[in-house]
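Visitor: Guided by the hints, dock chain B onto chain A, whose structure is given.
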Amino acid sequence: MKNYLKFAGLIIGVVLLTTACETNASLQKYYVDSKENSEFISIDLPSSILQLKDAEVSEDVKNTLETIKKVNFLALQLSETNKELYSSEKEKVTNILKNPKYKQLMRMNMGNGNVSVNYLGNEDAIDEVVIFGSDNKKGFAIIRVIGENMNPANILKLTQKIKMDEDSDQLKQLSGLLSSIK
Amino acid sequence: MRNCNVLKTQQTKFLNNLKSKKMKKIIFLIAIVIFPLANYAQTSIFDKFEEMDDVTTVVVTQEAFKMLAKFKSGGEEGAEYFDMVKGLNSFKVFTTENPGIAKQMSDVVFSYLKSAKLTELMRVKDKDAKVKIYVRSGKDENHVSELLMFVSDMQNKANQEAVILSLTGDIDLNKISKLTEAHIPNSGIEDKKQ
Numbered sequence: 001m002k003n004y005l006k007f008a009g010l011i012i013g014v015v016l017l018t019t020a021c022e023t024n025a026s027l028q029k030y031y032v033d034s035k036e037n038s039e040f041i042s043i044d045l046p047s048s049i050l051q052l053k054d055a056e057v058s059e060d061v062k063n064t065l066e067t068i069k070k071v072n073f074l075a076l077q078l079s080e081t082n083k084e085l086y087s088s089e090k091e092k093v094t095n096i097l098k099n100p101k102y103k104q105l106m107r108m109n110m111g112n113g114n115v116s117v118n119y120l121g122n123e124d125a126i127d128e129v130v131i132f133g134s135d136n137k138k139g140f141a142i143i144r145v146i147g148e149n150m151n152p153a154n155i156l157k158l159t160q161k162i163k164m165d166e167d168s169d170q171l172k173q174l175s176g177l178l179s180s181i182k
Numbered sequence: 183m184r185n186c187n188v189l190k191t192q193q194t195k196f197l198n199n200l201k202s203k204k205m206k207k208i209i210f211l212i213a214i215v216i217f218p219l220a221n222y223a224q225t226s227i228f229d230k231f232e233e234m235d236d237v238t239t240v241v242v243t244q245e246a247f248k249m250l251a252k253f254k255s256g257g258e259e260g261a262e263y264f265d266m267v268k269g270l271n272s273f274k275v276f277t278t279e280n281p282g283i284a285k286q287m288s289d290v291v292f293s294y295l296k297s298a299k300l301t302e303l304m305r306v307k308d309k310d311a312k313v314k315i316y317v318r319s320g321k322d323e324n325h326v327s328e329l330l331m332f333v334s335d336m337q338n339k340a341n342q343e344a345v346i347l348s349l350t351g352d353i354d355l356n357k358i359s360k361l362t363e364a365h366i367p368n369s370g371i372e373d374k375k376q
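Quick mapping for you: the protein sequence lines, in order, are chains A and B. Counting from 1, position 108 in the first sequence corresponds to residue 108 in my numbering; the numbering is continuous, with no gaps. Counting from 1, position 58 in the second sequence corresponds to residue 240 in my numbering; the numbering is continuous, with no gaps.
One chain only, chain A, in its complex shape (with noise of 0.2 Å):
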C-alpha cells in the first residue's frame, strides 16, 4: 500500500511539474520581458485610437467597441549582429504558441516567411488574438489585440463604423517604424 501511495504520489508530482511549466510560460510575460531588452521594438496602442465615425451609434456598437483593450506590438528587427537572439526568440515564441490554449486559425508559410493566427477565449468571447509573423531576413514580430469576451461577428460589423485617430502619437510611430523595414 505506500508504495502504491509513492507511486500515485510521484505521478501527481509530476503532473503538477508539467502543468506549472506551461504556464509560467504565458506570451503575456514574454511580452513584458522583452519590452525590457532594447534588441526588441514596442509599441502599445490603447483602444483610443479607435474612434467612432458617428456619435449617435446604438448602444451595441458601443459596448463592442469597449470590449477591445488594447493592441501590442513586439517586434525583433534582425541584423548583423542578432542572428542567434533572432532564432532562440523566435523558437521561444513558437513553443509559447504551441500551448493548446492558444487555439490556432490558421499559418501560412512562405518558404521563408511565416505567418500565423491564434486566439484565446472561445470562438463568441476571445480574450486575445495574437498574430505572429517571421521572416528570416527581416525579423518578427507579434501583434496582440487585447480585450473581454470579444464577439468576431460585433467586430466585423463594428469596422464600418470606426476610423483610426490619425493624430495618435503611437500610431504614427509605428507607421514610421512600418516604412522603415520595408
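Keep in mind that the hints were calculated from the coordinates and are not lab data. Predicted model only: the values in this text are computed from it and were never measured. There may be inaccurate statements among the hints.
Unchecked claim - Below, a list of computed lysine-lysine pairs in the DSSO-like style, where the Cα atoms sit at most 30 Å apart: (1) B:LYS248 <-> A:LYS101; (2) B:LYS285 <-> A:LYS137; (3) B:LYS230 <-> A:LYS101; (4) B:LYS285 <-> A:LYS92; (5) B:LYS252 <-> A:LYS163; (6) B:LYS252 <-> A:LYS98; (7) A:LYS157 <-> B:LYS252.
Guide: Chain B only, in chain A's frame:
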C-alpha cells in the same frame, strides 16, 4: 546485498499492486487523461511538406471554421458559405516550384491514394497541367469526408509545379458545386457528380 533484497521485495509488491484492480483503474484513468493531449495535433501524411523551405503552405484550422460560421450575414450566398464552412475540419494547401519536392508530393499523393479509400471525382488534363480530384465518401452519396486535389505540371520540365489541396470535414458536394458554379460558370463539377 540487503539493499538488493529490499528492492526486490519492493518490486514484487509493486507488481502485485499493479495487478490489483484499483491500480488498473488508475492507470486507465491516467491513459484517458493523457491520450487526448497527445492526440491534440491533427496530423496528416502531407504535414512533412510544411517544414520544407521551398514549399508554400496555407493551413486553416477547425477553430477558424467554427468562428467563420458565426458570421451569419451577407445574403443567400453568404448563408450557403456558412452552412458549408460549419462542417469543415481543416483546409491545407501545399505549393512548390521545386521539381524534387514536386516529385515527392506526387509520390506521397499516390501512396496515400492506395492506403486510404479515396475515389476519383474528376480528372482534367490540358497541355500545361494535370488536375485530379479525389474524395472519400461520407455519410451519404452527397457528402464526402475528404476532398483532395492534386495539380501537377508535367509538361514544363524547367518549372515544375505541384499543388496539393486537402479539405477534410463534412463536405456537401451539392453546396460546393453550387458555389463553384456561381463563381466559375461551366466548371463541370455539377455534371460529373451525377
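Visitor: Run every hint past the structure and note whether it holds.
Guide: Outcome of the hint check:
At roughly 16 Å between alpha-carbon atoms, LYS248 (chain B) and LYS101 (chain A) fall within 30 Å of each other, so this suggested pair holds. Distance restraint check for LYS285 (chain B) and LYS137 (chain A): the Cα-Cα separation of roughly 28 Å lies within the 30 Å cut-off, and the hinted pair is therefore satisfied. Simply put, LYS230 (chain B) and LYS101 (chain A) have alpha-carbon atoms about 24 Å apart, close enough for the 30 Å limit, and the pair holds. In summary, the hint linking LYS285 (chain B) to LYS92 (chain A) is not supported, as the alpha carbons are separated by about 34 Å, beyond the 30 Å threshold.
With a CA separation close to 24 Å, the supplied pair LYS252 (chain B) and LYS163 (chain A) stays within the 30 Å bound. Among the hinted pairs, LYS252 (chain B) with LYS98 (chain A) is consistent with the structure: their alpha-carbon atoms are about 25 Å apart, no more than 30 Å. About 13 Å separates the Cα atoms of LYS157 (chain A) and LYS252 (chain B), which keeps this hinted pair within 30 Å; it holds.
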